[in-house]
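The whole structure should be built from the sequences, with the hints applied where relevant.
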Amino acid sequence: MIKAFTTRRPEMTPFLLLAPAMIIMLFVVAVPLVFSLWTSMTPYQLTKPQTIHSFIGFRNYARLLTDSAFWIPFGRTVLFLTIALNVEFALGLGIALLINKITWGQRGLRTIMMFPMMFSPILVGFQFKFIFNDNIGILNNALQSLGLTDQAIPWLVDGKLAMFSIIFAEVWMSTSVFAILLLAGLFAMPRDPLEAARVDGCNAFQVFRHITLPFLMPFAYIAMTIRSLDVARAYDIVKVMTGGGPAGRTELLWTLIARTGYENSKMGMANAMAFVSTILSILFTYYFYRKLLAARRFMGGVQ
Amino acid sequence: MAEITLEKVVKKYGAVGVVHGIDLAIAHQEFVVLVGPSGCGKSTTLRMIAGLEDITGGLVKIGGTVVNDLPPRKRNISMVFQNYALYPHMDVRANLGFGLKIAGQSPAEITKRVSEAAEILGLTPLLDRTPAELSGGQRQRVAMGRAIVRNPDAFLFDEPLSNLDAKLRGQMRAEIKKLHQTVKTTVVYVTHDQVEAMTLADRIVVMRDGHIEQVGTPMEVFNHPLTTFVATFIGSPPMNLLPATITGGAVQLSDGSTVPVPDRLRGFVTEGMKVQLGIRPDDISPIGHGLSQDGPGAELRLTVALAEPLGMESLIYTHIAGQEVQAKLYGPRIVQPGETLDFRLALDRAHLFDAATGRSVRAA
Amino acid sequence: MSATVESQGSKRLKAIGLWLATFLLMLVMCVPGLWVMLSGFRPNREILAKPPIWVPQELTLDNFGKIFGWGAEQIAIPVPAYFTNSLIIALTSTLIALGVGMAGGYAFARFRFRAKGALFLGLMLFRTVPGIALSLPIFMIWSRLGLIDTKLGLIIVYVSLNVPFTIWLIDGFFRQIPLSLSEAAQVDGCTRWQAFWKIEFPLARSGIASAGVFAFLTSWNEFALASQLTRSTDSKTLPVGLLDFTAQFTIDWAGMCAMAVIIIIPALILTFIVQKHLIAGLTFGGVKG
Chain H
1 MIKAFTTRRP
11 EMTPFLLLAP
21 AMIIMLFVVA
31 VPLVFSLWTS
41 MTPYQLTKPQ
51 TIHSFIGFRN
61 YARLLTDSAF
71 WIPFGRTVLF
81 LTIALNVEFA
91 LGLGIALLIN
101 KITWGQRGLR
111 TIMMFPMMFS
121 PILVGFQFKF
131 IFNDNIGILN
141 NALQSLGLTD
151 QAIPWLVDGK
161 LAMFSIIFAE
171 VWMSTSVFAI
181 LLLAGLFAMP
191 RDPLEAARVD
201 GCNAFQVFRH
211 ITLPFLMPFA
221 YIAMTIRSLD
231 VARAYDIVKV
241 MTGGGPAGRT
251 ELLWTLIART
261 GYENSKMGMA
271 NAMAFVSTIL
281 SILFTYYFYR
291 KLLAARRFMG
301 GVQ
Chain G
1001 MAEITLEKVV
1011 KKYGAVGVVH
1021 GIDLAIAHQE
1031 FVVLVGPSGC
1041 GKSTTLRMIA
1051 GLEDITGGLV
1061 KIGGTVVNDL
1071 PPRKRNISMV
1081 FQNYALYPHM
1091 DVRANLGFGL
1101 KIAGQSPAEI
1111 TKRVSEAAEI
1121 LGLTPLLDRT
1131 PAELSGGQRQ
1141 RVAMGRAIVR
1151 NPDAFLFDEP
1161 LSNLDAKLRG
1171 QMRAEIKKLH
1181 QTVKTTVVYV
1191 THDQVEAMTL
1201 ADRIVVMRDG
1211 HIEQVGTPME
1221 VFNHPLTTFV
1231 ATFIGSPPMN
1241 LLPATITGGA
1251 VQLSDGSTVP
1261 VPDRLRGFVT
1271 EGMKVQLGIR
1281 PDDISPIGHG
1291 LSQDGPGAEL
1301 RLTVALAEPL
1311 GMESLIYTHI
1321 AGQEVQAKLY
1331 GPRIVQPGET
1341 LDFRLALDRA
1351 HLFDAATGRS
1361 VRAA
Chain C
2001 MSATVESQGS
2011 KRLKAIGLWL
2021 ATFLLMLVMC
2031 VPGLWVMLSG
2041 FRPNREILAK
2051 PPIWVPQELT
2061 LDNFGKIFGW
2071 GAEQIAIPVP
2081 AYFTNSLIIA
2091 LTSTLIALGV
2101 GMAGGYAFAR
2111 FRFRAKGALF
2121 LGLMLFRTVP
2131 GIALSLPIFM
2141 IWSRLGLIDT
2151 KLGLIIVYVS
2161 LNVPFTIWLI
2171 DGFFRQIPLS
2181 LSEAAQVDGC
2191 TRWQAFWKIE
2201 FPLARSGIAS
2211 AGVFAFLTSW
2221 NEFALASQLT
2231 RSTDSKTLPV
2241 GLLDFTAQFT
2251 IDWAGMCAMA
2261 VIIIIPALIL
2271 TFIVQKHLIA
2281 GLTFGGVKG
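Residue numbers (the working numbering), protein chains in the order written: chain H, 1 to 303; chain G, 1001 to 1364; chain C, 2001 to 2289.
Hint data in this document are derived by calculation from the structure and do not stem from the laboratory. All values reported here derive from a predicted model rather than from experimental measurement. A portion of the hints provided could be inaccurate.
[Stated by the list, open to error] Calculated lysine-lysine pairs in the BS3-like style (CA-CA distance at most 30 Å, straight line):
1) C:K2276 x H:K291
2) C:K2198 x G:K1112
3) G:K1178 x G:K1101
4) C:K2276 x H:K101
[Stated by the list, open to error] Facing chain C, a subset of chain H residues (Cβ under 10 Å, in silico):
5) I56
6) K239
7) F275
Idealized CB from N, CA, C, for every residue including glycine.
Next comes the structure, spelled out in structure tokens:
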């Protein structure tokens, strides 16, 4: 059957090969998203099943627009992502340059760098909950033993410190993606342009700024694209570390969705929020994917 | 018997035509070389013969059978690829025997035929190596071995020597020629290198922009190019072309000077005809330093612009009627730029092309 | 003379700085994880001790015995069931995603077709939907279909989660393999299907394996969807099970650390087996056009 199909209509072969993927994505992502869109236009509550049939248009979205209980976590999420990704990129670049300079044990170091990548986000959250614990955490224990402080610092209890701790966990988990990809970029870097630039009189910083960095950008964009696919994993970290507390000071868009939908049973509203967060993620991925394509075209398939 | 026939073969990618209706008949055991600049459609033509590209229009026949809708495996051909396409995960023995194994030959038969092919190509000591452990020339030989081991009706070569350095290329060229003399199979060989075409081919097919410009033996194509394209593509350095007009029974160049119309072309030109005078560098030489001193000729006094000594000969750049031309000086003499010498043009070997069509006046 | 001595001195200083920076870096990368894993082998009272006990006085397997129900002391959390669920769900979804991803990746690598770029981007954008956002409609639909708290329900979701990235990676690996190899095999007498299985598949095998490891890790580590779509020992996975500990009256740190060890070990082993290919896969997929 398939064979007859492919030999008679060869132009259909790729679509046939892609069919399983398409079907799965359609039924597990596309259809639910449409359903989610519908639900977001109803006042659906889990406790009142009939409410899913009353259409209220964009009223949920209108409420979100004016609700500071939505805007504050939304803004915090954007801020959280901006800080985390920039720190990850900067650190990753630094680590890649550092390891590229080192002449011994590069492969071993690279392997060690993969260590955080295999941790489940929920595990990372737990790990830092354990480490940042004000009473038994290794961090406070160390600070107190070294005599740097005599009281327990409330890492996860104070709002600002808790946010810092969460960003720290996120950066710990994800910097490796940048470091590994940028290091791969440095390894793949052709020597000729570097030497040409040096002959042309560039100093070390200029070589880095005008040759190395542009060459690395496609690798940075791959890392960004990969990261953009799973930024929402931060939900797991927050969930286990603070649960959005204290007093909502670490609430991100994603924990807010879970709270609204599952704990408060307000599915209509939660779906509206979910849609906003989905669009945010899609824009984010789309942006970096375009950047990646542009950079790739710019490099003209260097290697 | 494996003659290959192309009838009005067309290839289009969407609306873009790559091959525009080619007719070609390749005889049994003939060695035919398709030559032309990149993008001329020669590789696409070869791949259509192999079955690796769909044929948009026309017919391809191998051994009298239309093969348009047959997959490559049913055409009983073998092919040597530009990058050799050796299977990296198999050793040389397995690479050679792969086709036989797929065809369901017995292990004994495979062993026998693999060792025969390895013997012919001097691969016997390399049978247990993987492609990564071979040099460029050795890989090339394995690719050829893989082609001959199946005893196909025809060999197809797709620029097989372009990845080798110049010295090795010469060696492998000779080996391919010898191989053809040994196995005597029909060969279709694609290259952009006119030297390969000249040395290997029984017949050369010069292609350009999806059309065939000329088909002929190497000497026919060299001595009687049908178009200015063939004239400049075959032969190195390329033939000089000078715009001219037939005036008073002579060829008048753009500065008003004239040379006689070569005798053998006299019947093909008419008064007032716009032409291009084609003459190879070998046929413009300082008097006493040329290939041939007799036969009809024209003498011109020219100033040397640049000379490239090549040992026993020098390539001279000079100007005729204000246009740069290349000339050859035979003999170990050194000339200096600015020197003025008397040159002789061997007119019996000159060509005239219709300026409007670019075709030889003989063909028009 | 003195200049060269000086520059030698500064070179040595630079080397020491480099060494120190690397050491600190590795410390930050490794210590948190190792500390948790070490704590999995320590008794709870030592973890809670004040003043802190820095050098472990005793190492024990009691925590593992406890969560697996071997020892005398037992806890109410059915870790063995979670482990089995995690393994079944992760392995099954990985295998299916690999099959689907291989077909799709091959299509992208080897064929020209209409709207190719848009389809590829579309797949990626589907993958980017946040897990918790996707969980809402899936939760509602799965409730109706009776897929809540079943392994099948989670497997289906994880396949969809893994397909886009698997396609991306496998596409990159197939594009690494010159097209002429498959063509040579077809001229040598293979069907396209045979050429795939005998030539292209063996060459892409290590890449496919690494795509499999990524898929496995994604499924094995996933929490947001699993926490909403599972209820009981029928389908709950290890990451969800870890939170069971926090629901108890007092936090059993040692038990949680032991469970962390159980979650991390399979991931660790798998990653180190194919780590070389993981990096290659990520870069080829993206950079090679």
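Consistency of the hints with the structure:
For the given pair, C:K2276 sits about 27 Å from H:K291 by alpha-carbon distance, which is consistent with the 30 Å threshold. A C-alpha spacing of about 23 Å is found between C:K2198 and G:K1112, which places the hinted pair at or below 30 Å, so the restraint holds. Between G:K1178 and G:K1101 the alpha-carbon distance is near 27 Å, which keeps this suggested pair within the 30 Å criterion. Our distance criterion of 30 Å between C-alpha atoms is met by C:K2276 and H:K101, whose separation comes to about 20 Å.
Because the beta carbon of H:I56 sits about 17 Å from the nearest beta carbon in chain C, more than 10 Å, this interface hint is broken. Given hint, H:K239 at the interface with chain C, holds; its Cβ is 7 Å from that chain's nearest Cβ, closer than 10 Å. Given the 10 Å rule on beta carbons, the hint for H:F275 holds: about 7 Å separates it from the nearest Cβ of chain C.
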